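Visitor: Sequence:
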Amino acid sequence: MKSTKIYYKKLKFKNPILVVGLPGIGSVGALVGEHLKNELGAKRFATLYSPHFIHQTIMLKSGYTRLISNRFYYKELKSSTLILLIGDTQAPTPEGQYDINEKIVRFFKHLGGKQIYTIGGYSAGNHYIQTPRVFGIATDKQTKDALSQKGVLFGQTNGAIWGSAGMVVSFAKKNKLHAACIMGETGALEIDANAARAVLEVLKKVIGVNVNLDNIDKIKAETEKLLKELEAASKPQEGQGATSFPYIR
Numbered sequence: 011m012k013s014t015k016i017y018y019k020k021l022k023f024k025n026p027i028l029v030v031g032l033p034g035i036g037s038v039g040a041l042v043g044e045h046l047k048n049e050l051g052a053k054r055f056a057t058l059y060s061p062h063f064i065h066q067t068i069m070l071k072s073g074y075t076r077l078i079s080n081r082f083y084y085k086e087l088k089s090s091t092l093i094l095l096i097g098d099t100q101a102p103t104p105e106g107q108y109d110i111n112e113k114i115v116r117f118f119k120h121l122g123g124k125q126i127y128t129i130g131g132y133s134a135g136n137h138y139i140q141t142p143r144v145f146g147i148a149t150d151k152q153t154k155d156a157l158s159q160k161g162v163l164f165g166q167t168n169g170a171i172w173g174s175a176g177m178v179v180s181f182a183k184k185n186k187l188h189a190a191c192i193m194g195e196t197g198a199l200e201i202d203a204n205a206a207r208a209v210l211e212v213l214k215k216v217i218g219v220n221v222n223l224d225n226i227d228k229i230k231a232e233t234e235k236l237l238k239e240l241e242a243a244s245k246p247q248e249g250q251g252a253t254s255f256p257y258i259r
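First residue of the sequence shown? That's 11 in our numbering, and the numbers climb one at a time after it.
Honestly, the hints are just simulated from the structure, not real lab data. A hint or two may mislead.
Straight-line Cα separation of at most 25 Å, DMTMM-like style, residue types lysine to aspartate or glutamate; simulated pairs [as the list claims (entries may be wrong)]:
no.	residue 1	residue 2
1	K20	E44
2	K124	E44
3	K47	E239
4	K215	D109
Source: prediction; values computed, not measured.
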């Protein structure tokens with residue numbers, strides 16, 4: 011394998027919309043992508059392999075193994091086709107990010123797609139966010155206005171967006187496609203189901219899908235229970251000093 015390759019079944023889609031949910035801050039994108047795939051019963055039709063990914067293979071419960079990859083799934087909706095991109099990892103190098111994300115956008119454009127939403131987390135500090143806000147950046151006024159009407163906040167973030175969540179949006183603009191990055195407010199957690207839930211509530215309105223959020227709520231409840239236990243354990247007992255616990259990240 012000399013370069014990034016996408017192997018796919020040649021299918022025809024009506025008005026495809028791409029949602030990119032890859033690993034990143036708070037695992038927000040990965041949680042959203044996996045949840046949509048599972049709840050909608052989306053089917054895989056393409057797989058992206060790249061020498062830019064880390065040199066690992068995944069051990070499966072079946073006793074077999076597979077190469078690290080990113081995978082495309084589809085689900086036919088009433089007036090469009092939802093395309094989901096999820097995966098094991100992102101490229102760890104700038105060269106890999108440029109190569110892979112440009113190929114993702116060109117592949118989606120080849121499918122006839124014009125609208126892309128990437129999902130990410132927006133770090134708001136070292137504390138757990140009880141009521142996450144949803145922020146956004148967009149390539150055009152039409153996309154920005156449509157998301158603003160669904161509760162996405164624009165112009166309230168700063169800094170840079172690392173990885174596919176930002177790069178795909180930039181390459182979409184270069185290829186004259188509409189795109190936006192939708193970010194759940196997160197902090198202090200490696201896996202933030204609360205932020206993912208906030209983004210899912212927005213996506214349900216934007217894409218027009220009705221998905222059950224029970225599994226996300228379960229992860230959220232388990233996380234909050236653990237945080238309360240850690241907080242209680244860290245309080246000093248009578249006659250003792252405070253106990254030090256590692257920062258959760």
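Visitor: All hints are to be evaluated individually against the structure, with a verdict given for each.
Guide: Hint check:
1. In summary, the hint linking K20 to E44 is supported, as the alpha carbons are separated by about 23 Å, within the 25 Å threshold.
2. Of the pairs offered as hints, the one joining K124 and E44 holds, with about 22 Å between alpha carbons and a cut-off of 25 Å not exceeded.
3. Distance check on the hinted pair: K47 and E239 sit about 32 Å apart at the alpha-carbon level, beyond 25 Å; violated.
4. Between the alpha carbons of K215 and D109 the distance comes to roughly 32 Å, so the proposed pair goes past 25 Å and is violated.
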